[in-house]
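Visitor: Please work from the sequences and hints to get the whole structure.
So in the UniProt record's numbering, spot 80 of the sequence shown is number 80, and the numbers just go up one at a time.
Honestly, I wouldn't trust all of these hints.
What the hints assert, rightly or not - Here are the simulated distance ranges between beta carbons: (1) Ser-166 - Glu-211: 34 to 42 Å; (2) Lys-214 - Gly-90: 35 to 43 Å; (3) Asp-182 - Asn-22: 33 to 41 Å.
Stated by the list, open to error - Under the rule of at most 20 Å between Cα atoms (straight-line distance), these lysine to any residue pairs were calculated in the SDA-like manner: (4) Lys-140 - Ala-163; (5) Lys-36 - Ile-212; (6) Lys-40 - Arg-83; (7) Lys-40 - Ala-163.
Treat the hints as calculated values from the structure; they're not laboratory data.
Cβ atoms here follow ideal geometry from the backbone N, Cα and C, with glycine treated the same way.
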Amino acid sequence: QLADLSEMLAAGTKEIHEKAENTQFVKDFLRGRIRKELFKRGAVALYYTYSAMEEEIERNKDHPHFAPLYFPVELHRHEALARDLQYFYGPDWQSQVSCSQATQRYVDRIHQVGQEDPVLLVAHAYTRYMGDLSGGQVLKKVAQRALKLPPTGEGLEFYQFDAIHSAKAFKQLYRSRMNELDLDLDTKKRLVDEAVKAFLFNMEVFDELEEIGKSIQEEVLDAGMEVHGGMGGDISKCPYYAAKMGEISFIDPRSLAMAVLRHPTGQVLFATWFAALAGLAAWYLM
Numbered sequence: 001q002l003a004d005l006s007e008m009l010a011a012g013t014k015e016i017h018e019k020a021e022n023t024q025f026v027k028d029f030l031r032g033r034i035r036k037e038l039f040k041r042g043a044v045a046l047y048y049t050y051s052a053m054e055e056e057i058e059r060n061k062d063h064p065h066f067a068p069l070y071f072p073v074e075l076h077r078h079e080a081l082a083r084d085l086q087y088f089y090g091p092d093w094q095s096q097v098s099c100s101q102a103t104q105r106y107v108d109r110i111h112q113v114g115q116e117d118p119v120l121l122v123a124h125a126y127t128r129y130m131g132d133l134s135g136g137q138v139l140k141k142v143a144q145r146a147l148k149l150p151p152t153g154e155g156l157e158f159y160q161f162d163a164i165h166s167a168k169a170f171k172q173l174y175r176s177r178m179n180e181l182d183l184d185l186d187t188k189k190r191l192v193d194e195a196v197k198a199f200l201f202n203m204e205v206f207d208e209l210e211e212i213g214k215s216i217q218e219e220v221l222d223a224g225m226e227v228h229g230g231m232g233g234d235i236s237k238c239p240y241y242a243a244k245m246g247e248i249s250f251i252d253p254r255s256l257a258m259a260v261l262r263h264p265t266g267q268v269l270f271a272t273w274f275a276a277l278a279g280l281a282a283w284y285l286m
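Guide: Right under this line is the structure:
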């Protein structure tokens, strides 16, 4: 009996997942330092990433090692991201955005995989989409508040999965479909290696955004609200804490508690990329 692919992925990416949690970009935003300009650039990077991935998914939708995971209506994100970018940049958004160097390396790898070794698309799709679903509507509401975005959802359609009624149930279905793929042990090991690469590509994007942030002269929207001071330190009474522990259980509890207590809205940019990136563990644990 071969090990389930999902279990191999969870174990094989544990170390790189922990490294991703400790990138400077992630730690800064866990402290509640939100720059709208970087949030927008993060959305741009996501747009190019998902456009590449979904182009290759369409190319390989009938491939026997990917077809069971083809859920375009439920999962695909590039159109939602295009609407988010139109909100942030205006109707001529396409002339204002470009693919960054780190994002381009990620995009190039996705295209290479889709054209030369399509089974490895499973690792990229799994890492991204399952994390997206682990973000959930709580993240959307936090982002609306922190960045003063409209309550009707503009600018945050990336998080809205209208065709999925239960994220938990869908993730269970996806995991089941993935584990049923007819793959030998060597292929499963290659998928784990590819998932590690996906984490590394995301960390490069984090680092790039961190560097860009150093050169941007912009007011930092620092949440800085001690809204839980009257709870006597019992963060279990905090709705953000309860929701986060249910939706994003991969975050180290100490880091999460610190973030919730000090800067409840400060996880927005962190989660824009990291919820998608590290949702792998959250899905496995659910």
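Visitor: Decide, hint by hint, whether the structure agrees.
Guide: Going through the hints against the structure:
1. Ser-166 - Glu-211: 34 to 42 Å: holds, 39 Å
2. Lys-214 - Gly-90: 35 to 43 Å: About 26 Å separates the Cβ atoms of Lys-214 and Gly-90, which means 35 to 43 Å is violated.
3. Asp-182 - Asn-22: 33 to 41 Å: Holds - the Cβ-Cβ distance for Asp-182 and Asn-22, about 37 Å, lies within 33 to 41 Å.
4. Lys-140 - Ala-163: Holds, because 17 Å separates the two Cα atoms, which is no more than 20 Å.
5. Lys-36 - Ile-212: The given pair, whose Cα atoms are some 13 Å apart, holds under the 20 Å limit.
6. Lys-40 - Arg-83: holds, 12 Å
7. Lys-40 - Ala-163: violated, 25 Å
Taken one by one, the earlier hints fail for this structure at numbers 2 and 7, listed in ascending order.
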